[in-house]
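Each protein sequence line maps, in turn, to chains B and L. First residue of the first sequence: 153, per this note's numbering; consecutive thereafter. First residue of the second sequence: 153, per this note's numbering; consecutive thereafter.
A hint or two may mislead.
For chains that are exact copies, the list does not tell them apart, and a pair is met inside one copy or across any two.
Below, computed lysine-lysine pairings styled on DSS-like, alpha-carbon distance capped at 27 Å [claimed, not checked]:
id: 1; residue 1: K236; residue 2: K171
id: 2; residue 1: K236; residue 2: K303
id: 3; residue 1: K195; residue 2: K171
id: 4; residue 1: K170; residue 2: K236
id: 5; residue 1: K370; residue 2: K173
id: 6; residue 1: K170; residue 2: K303
id: 7; residue 1: K199; residue 2: K171
id: 8; residue 1: K236; residue 2: K173
id: 9; residue 1: K217; residue 2: K303
id: 10; residue 1: K208; residue 2: K173
id: 11; residue 1: K370; residue 2: K212
id: 12; residue 1: K331; residue 2: K173
Hints listed in this document are in silico derivations from the structure and should not be mistaken for laboratory results.
Protein chains: 2
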Amino acid sequence: MITSTSNQRVKELLQLQKKSKARNQAGVFLAEGTRMVMEAPQKRVRKVYVSESYMKKHEKELEEKGFVPEILSDTVFDYVSDTKTPQGILAVIRQMDYTLEEILKQKSPHILVLDNLQDPGNAGTIFRTAEAAGVTGILMSRDCVDIYNPKTIRSTMGAIYRMPFLYLDDVMAGIETVKEHGVRVYAAHLDGKNAYDQEDYQKGTAFLIGNEGNGLRKEVAECADAWVRIPMSGQVESLNAAVAATVLMFEVSRQRRVQ
Amino acid sequence: MITSTSNQRVKELLQLQKKSKARNQAGVFLAEGTRMVMEAPQKRVRKVYVSESYMKKHEKELEEKGFVPEILSDTVFDYVSDTKTPQGILAVIRQMDYTLEEILKQKSPHILVLDNLQDPGNAGTIFRTAEAAGVTGILMSRDCVDIYNPKTIRSTMGAIYRMPFLYLDDVMAGIETVKEHGVRVYAAHLDGKNAYDQEDYQKGTAFLIGNEGNGLRKEVAECADAWVRIPMSGQVESLNAAVAATVLMFEVSRQRRVQ
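Model the full structure from these sequences, guided by the hints.
Here you go:
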């Protein structure tokens with residue numbers, strides 16, 4: 153059992169919690185909590201850490217799952233945990249490695265392209281909602297929030313394991329590739345001509361979603377085949393990015409559903 | 153100019169930032185930032201506070217608006233501010249005082265009933281989104297998050313000033329009153345028979361939205377005329393409360409919109 157916060161492994165875990173660079177160099181991320189660890193694709197799980205108390209209570213489940221966890225004293229676990237009330241279990245998981253080709257080869261793709269999205273909670277909520285709405289893949293500009301940051305991972309509620317996604321070094325080139333695959337690309341934009349529900353989303357569809365404060369970059373919005381707007385009442389100037397994405401994704405889901 | 157953090161007014165402001173009880177006893181709340189102060193209904197503004205630097209830069213605008221602000225040294229302003237990078241202006245504003253009758257007397261009401269919603273950010277996002285979706289009023293059970301807390305106020309993006317709302321001591325009695333006014337009440341529920349988009353929302357409509365983790369309380373869900381479900385793909389078990397509310401509100405908006 154590790155009982156000291158100056159242990160080398162503990163230091164490494166802390167780096168993986170806090171530093172995007174450390175995660176990317178090691179090609180891993182951390183998932184915390186029973187559900188997030190148990191739902192993880194087993195072959196991606198590199199290492200499981202538990203607190204002493206967690207081990208006492210859950211030894212059997214861990215064994216059944218084939219996990220041989222490293223045990224940390226409760227104090228040390230609290231020290232490496234990213235949450236206020238740690239559940240006592242976390243895992244080091246190998247990062248996902250989808251390709252654009254995989255994401256595009258599906259039938260009737262339903263894609264989100266996130267451009268410079270910054271809020272970790274928003275990103276996580278978008279992943280979770282996207283899974284529910286039947287989205288087939290999420291593309292992100294390189295300057296989006298790090299999806300592997302602990303807060304985002306938590307707020308995906310497990311969708312991180314199931315939703316294909318990819319960071320694009322060149323988002324505009326990526327959008328061109330999406331279009332070349334016959335997917336129609338819509339920008340969610342205040343100046344859209346048609347309301348979002350006036351379009352037909354039966355065939356391959358992608359939506360461009362912009363930054364929380366500034367919306368879509370002009371040059372990115374101009375890559376779209378069409379702009380659509382979400383009609384708004386009152387004096388509201390814009391919607392939260394996750395909310396706007398929700399409205400669009402669930403309209404696709406609604407149109408594609410066999411009633 | 154107030155230059156000491158032990159000044160009585162400064163102490164009062166800090167209480168109003170931090171304590172729901174202090175806000176309710178005084179019948180006021182705080183709004184921070186240029187936009188939130190300038191958008192406030194002028195007759196509700198009790199007092200405006202600015203930092204010394206803000207005053208220097210914006211003396212004219214404040215005068216034009218008829219505000220006679222109390223000036224705090226920059227250090228003292230930072231001390232009372234709830235934000236990491238204070239803009240330098242905040243106002244003490246009289247709490248809203250809508251009645252259920254006012255909210256129900258509108259034509260074709262479109263109402264949200266929030267039951268035990270706990271997350272300040274969720275509540276604020278729901279207010280902002282509700283205004284955009286044409287919601288006519290929001291009812292909240294007494295045990296919901298305090299809508300007047302600074303984080304919620306900020307995330308409403310001004311909708312707090314425009315969206316009629318009311319806390320209900322007895323949420324079930326409140327729902328009965330809503331029904332007596334001819335409004336059809338739907339519970340968003342995983343066990344709903346119909347998908348949410350199979351209902352007709354042209355007439356008075358209310359949605360019951362539950363707690364983030366536990367959903368609707370059974371006894372509250374049972375007050376509904378009908379349960380509707382939001383069809384979900386993948387392994388998602390539930391949606392974020394603000395996301396679920398968004399899907400429902402924008403379906404009403406979509407159905408009621410003249411294309």
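Now for the hints, and whether the structure bears them out:
For a Cα distance limit of 27 Å, the shortest separation of K236 from K171 qualifies both inside one copy, at 19 Å, and across copies, at 22 Å. Taking the shortest alpha-carbon separations for K236 and K303, both the intra-copy value of 12 Å and the inter-copy value of 19 Å come in at or below 27 Å. For the identical chains of this complex, K195 and K171 are intra-copy neighbours only, at 24 Å inside a copy versus 48 Å across copies, given an alpha-carbon limit of 27 Å. Proximity of K170 to K236 under the C-alpha cut-off of 27 Å is found in both arrangements, the shortest distances being 15 Å within a copy and 20 Å between copies.
For a Cα distance limit of 27 Å, the shortest separation of K370 from K173 qualifies neither inside one copy, at 29 Å, nor across copies, at 46 Å. Within a single copy, K170 and K303 get their C-alpha atoms as close as 11 Å, and across copies as close as 25 Å, so both meet the 27 Å cut-off. For the identical chains of this complex, K199 and K171 are intra-copy neighbours only, at 18 Å inside a copy versus 43 Å across copies, given an alpha-carbon limit of 27 Å. Taking the shortest alpha-carbon separations for K236 and K173, both the intra-copy value of 24 Å and the inter-copy value of 25 Å come in at or below 27 Å.
Proximity of K217 and K303 under a CA criterion of 27 Å is satisfied intra-copy only: 25 Å inside one chain copy versus 41 Å between copies. Proximity of K208 and K173 under a CA criterion of 27 Å is satisfied in neither setting, with 34 Å inside one chain copy and 42 Å between copies. Taking CA atoms no more than 27 Å apart as the test, K370 paired with K212 passes in neither setting, with 55 Å inside one copy and 34 Å between copies. Neither within a single protomer nor between protomers do K331 and K173 lie at most 27 Å apart by alpha-carbon distance, with minima of 32 Å and 56 Å respectively.
When held up to the earlier numbered hints, the structure conflicts with 5, 10, 11 and 12 and fits the remainder.
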